[in-house]
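Trainee: Residues per chain are reported as follows:
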Amino acid sequence: MLNQLRPALVLLIALTAITGLAYPLAMTGIAGAIFPAKAAGSLIERDGKVVGSSLIGQSFTGAGYFHGRPSATSAADPADAAKTVPSPYNAANSSGSNLGPTSAALAERVKGDLDALRTENPGKPVPVDLVTTSGSGLDPDISPDAALFQVPRIAKARSLPEDRVRSLVELQVQGRLFGILGEPRVNVLALNLALDGSGSK
Amino acid sequence: MTINGWIQIALFCAVVLTLARPLGGYMTRVFTGERTFLSPVLAPVERGLYRVAGIDARQEQHWLSYALAMLAFHVLGFLALYALLRFQAVLPFNPDGQSAVAPDLAFNTAASFVTNTNWQNYGGETTMSYLTQMLGLTHQNFLSAATGIALAVALVRGFSRASAATVGSFWVDLTRTTLYVLLPICVVYTLFLVSQGIPQTFGGAIEATTLEGAKQTIAVGPVASQVAIKMLGTNGGGFFNVNAAHPFENPTALANFVQIVSIFAIGAAMTNVFGRMVGDERQGWAILAAMGVLFLAGVTVVYWAESAGSPVLNGLGLTGGNMEGKEVRFGIVASALFAAVTTAASCGAVNAMHDSFTALGGMIPLINMELGEIIVGGVGAGLYGILVFVIVTIFVAGLMVGRTPEYLGKKIEAKEVKMAMLAILCLPLMMLGFTALATVVAAGLAGPANAGPHGFSEILYAFTSAAANNGSAFGGLTGNTLFYNTTLGLGMLFGRFFVIVPALAIAGSLAAKKTVPASAGTFPTHGGLFVGLLVGVILIVGGLTFFPALALGPIVEHLAGGLGQTFAAGG
Chain A
1 MLNQLRPALV
11 LLIALTAITG
21 LAYPLAMTGI
31 AGAIFPAKAA
41 GSLIERDGKV
51 VGSSLIGQSF
61 TGAGYFHGRP
71 SATSAADPAD
81 AAKTVPSPYN
91 AANSSGSNLG
101 PTSAALAERV
111 KGDLDALRTE
121 NPGKPVPVDL
131 VTTSGSGLDP
141 DISPDAALFQ
151 VPRIAKARSL
161 PEDRVRSLVE
171 LQVQGRLFGI
181 LGEPRVNVLA
191 LNLALDGSGS
201 K
Chain B
1 MTINGWIQIA
11 LFCAVVLTLA
21 RPLGGYMTRV
31 FTGERTFLSP
41 VLAPVERGLY
51 RVAGIDARQE
61 QHWLSYALAM
71 LAFHVLGFLA
81 LYALLRFQAV
91 LPFNPDGQSA
101 VAPDLAFNTA
111 ASFVTNTNWQ
121 NYGGETTMSY
131 LTQMLGLTHQ
141 NFLSAATGIA
151 LAVALVRGFS
161 RASAATVGSF
171 WVDLTRTTLY
181 VLLPICVVYT
191 LFLVSQGIPQ
201 TFGGAIEATT
211 LEGAKQTIAV
221 GPVASQVAIK
231 MLGTNGGGFF
241 NVNAAHPFEN
251 PTALANFVQI
261 VSIFAIGAAM
271 TNVFGRMVGD
281 ERQGWAILAA
291 MGVLFLAGVT
301 VVYWAESAGS
311 PVLNGLGLTG
321 GNMEGKEVRF
331 GIVASALFAA
341 VTTAASCGAV
351 NAMHDSFTAL
361 GGMIPLINME
371 LGEIIVGGVG
381 AGLYGILVFV
391 IVTIFVAGLM
401 VGRTPEYLGK
411 KIEAKEVKMA
421 MLAILCLPLM
431 MLGFTALATV
441 VAAGLAGPAN
451 AGPHGFSEIL
461 YAFTSAAANN
471 GSAFGGLTGN
481 TLFYNTTLGL
491 GMLFGRFFVI
501 VPALAIAGSL
511 AAKKTVPASA
521 GTFPTHGGLF
531 VGLLVGVILI
541 VGGLTFFPAL
551 ALGPIVEHLA
561 GGLGQTFAAG
571 G
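These protein sequence lines are chains A and B, in that order.
Residues in the first sequence are numbered from 1 upward in steps of one, following UniProt numbering.
Residues in the second sequence are numbered from 1 upward in steps of one, following UniProt numbering.
Since the hints were made in silico from the structure, they are not lab data.
Check each hint, because a few of them may be wrong.
Ranges between beta-carbon positions, derived for each pair [to be verified]:
1) Ala17(A) / Leu38(B): 16 to 26 Å
2) Pro184(A) / Ser519(B): 55 to 65 Å
3) Ala75(A) / Ala89(B): 17 to 27 Å
4) Phe192(B) / Pro86(A): 27 to 37 Å
5) Arg46(A) / Glu34(B): 50 to 60 Å
6) Ala116(A) / Gly25(B): 54 to 64 Å
7) Ala446(B) / Asp80(A): 11 to 21 Å
Only pairs whose alpha carbons sit at most 30 Å apart, straight line, appear in this in silico DSSO-like list of lysine-lysine [as the list claims (entries may be wrong)]:
8) Lys83(A) / Lys124(A)
9) Lys49(A) / Lys513(B)
10) Lys156(A) / Lys215(B)
11) Lys513(B) / Lys411(B)
12) Lys111(A) / Lys49(A)
13) Lys124(A) / Lys156(A)
14) Lys83(A) / Lys215(B)
Glycine included, C-beta positions come from ideal geometry on N, C-alpha and C.
Could you put the whole structure together from the sequences, leaning on the hints where they help?
Mentor: Set out below in structure tokens:
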């Protein structure tokens with residue numbers, strides 16, 4: 001085995017330098033030159049301040065904004081660092097709920113969310129993505145149905161005609177790629193920025 | 001289930017099949033030492049590496065030296081990675097100030113990445129410095145993948161050679177695979193991923209002020225370069241905690257599609273490499289067909305189960321399938337497809353939380369891994385895994401007709417069958433043995449987050465994933481404890497090396513044999529009968545071994561859920 005040590009050691013160091021340093025460093029340089037905005041995280045600025053990333057969902061709770069999906073991310077408890085507290089859309093600690101299909105906690109949570117949404121918009125079926133947490137806890141999108149479901153609340157909170165809010169939503173719907181790949185969706189941050197930009201604040 | 005969903009699945013299969021032959025042809029040239037279109041650039045680098053390392057590229061190795069070279073390389077790689085994890089706090093490229101990784105977690109992580117498993121008992125963005133992600137994890141992603149491919153090529157040489165003492169040079173196979181196959185594809189792939197929105201930066205986390213005025217800290221990093229190799233090399237270790245569900249690891253439907261294709265690309269092409277090297281491409285297609293049958297069966301069940309949704313939630317009046325733990329941009333079908341692919345291959349990246357899948361939807365990933373990840377499988381590992389099953393199948397076929405079994409002109413005798421069974425039996429021993437241990441000791445029972453049968457499934461999934469070197473998880477399990485770090489780490493090491501060494505022994509033994517010419521009594525191994533027999537043997541071996549454990553986990557959970565029963569944690 002000893003005569004294998006030299007090739008093992010040399011190849012380990014050399015291939016580490018190539019694949020672990022040269023490759024990521026070179027890619028960072030090239031990617032930064034060709035796609036600077038995307039390489040940096042697709043950040044969105046408004047009035048010179050970073051308001052988020054177009055790819056990362058953020059928490060919306062006000063009645064006048066479209067809400068994203070429930071998020072299962074957490075953060076360290078400020079009172080006790082050994083514990084965690086819920087912190088929706090914590091983009092420094094992505095996480096799903098990991099609750100299984102027969103989890104009582106999941107059933108209770110979904111029931112609570114369903115009841116609240118049914119009170120808000122009675123008579124309409126609640127879109128499934130509005131009451132289920134995403135895999136990452138940072139899902140930037142909701143389904144078109146989930147956006148349309150929220151239109152009456154937004155229209156009321158912003159004193160806008162429902163038709164106008166609905167047409168804003170329809171403008172933001174992204175279809176499947178080539179009509180085949182993925183699912184139709186609405187980026188919540190983009191939609192809310194469009195809402196703020198429509199002079200209706 | 002929708003028409004569009006089936007079109008997405010069909011498109012995926014078509015692309016993988018289309019790529020298999022050209023990629024297989026290119027890789028065959030690489031492994032046989034021929035010139036390729038990249039040689040003008042890479043050959044000088046390759047020669048330089050051999051000179052410094054004192055390697056004679058023409059000198060081949062006996063299977064035992066090949067195995068020892070591979071083990072020496074891994075021992076050093078393991079120690080280097082362990083040291084890096086322990087010292088990351090005082091090393092550069094650490095803008096977010098990550099501290100040293102604890103000893104048990106460092107052991108687990110080093111074992112995980114060296115074995116191509118990429119089980120992660122840590123959240124990437126909260127634990128690892130950029131240096132660790134690049135120097136430790138990205139580089140092991142390359143090298144563990146290259147090792148898998150090298151070993152498969154060595155085994156194929158066992159079949160293709162006659163009366164030979166050697167099976168190739170580990171050093172040459174490792175170097176050529178890394179330089180000519182993995183690296184060039186990753187360079188192009190990384191740029192594509194950045195064009196889709198995956199970050200590639202050394203800047204620290206970004207502080208944003210949301211529209212509602214809250215602070216949001218957004219973790220970024222050199223993500224794209226790691227994602228490229230983690231998919232292509234079927235490693236699966238994510239930059240972020242939630243892996244390919246994170247919008248920064250998998251931002252668009254197109255990125256998602258290409259990522260799924262890239263999991264299967266090399267593994268599927270390896271069957272073509274096999275066919276070419278043994279001189280009959282049909283032999284490769286037959287193996288790919290057997291894989292395809294098992295894959296389509298699995299993906300159909302996951303897609304059906306996830307579309308149907310959880311009976312408990314449907315009972316509350318919810319429709320539209322199971323979206324808990326899934327992202328809107330992928331929806332049901334792309335999540336189901338990803339889950340079937342990532343566990344069929346030994347990738348283990350996830351774009352949805354398997355823990356939140358329906359009982360039967362989550363059972364298929366388990367079964368895919370339990371069968372030994374031979375459905376396309378990990379790069380290289382899938383091929384040597386299924387060739388081990390082929391040997392058993394040929395043996396069984398020989399028993400049926402009372403002839404000495406032959407495969408590709410090689411007589412399959414007691415030694416090969418013994419080694420094949422050793423490789424096959426190692427996995428259930430690790431998966432079921434450690435699961436049994438964890439369900440009787442307090443430290444093991446402390447792990448699951450879910451109660452009832454789903455909690456058992458979480459434990460079973462963890463050890464199955466570890467021993468199969470997959471790395472995906474039912475993520476509710478708290479794995480970062482002394483017990484799980486140690487047992488899972490051992491499961492990964494045994495699951496990798498106790499399959500590799502018997503496979504290499506088979507390679508050496510076969511290479512030394514003479515080739516017998518085919519006769520009228522030779523069982524043809526490129527037709528439907530052989531494919532059916534191979535699928536049957538795989539299912540019977542897997543089914544008999546794992547059915548009792550599956551009955552205690554997903555199957556009983558499916559029945560309980562159908563009756564509307566739920567289980568409260570801590571109760």
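Trainee: Which hints from the list above does the structure break, by number from lowest to highest?
Mentor: 8, 9 and 12
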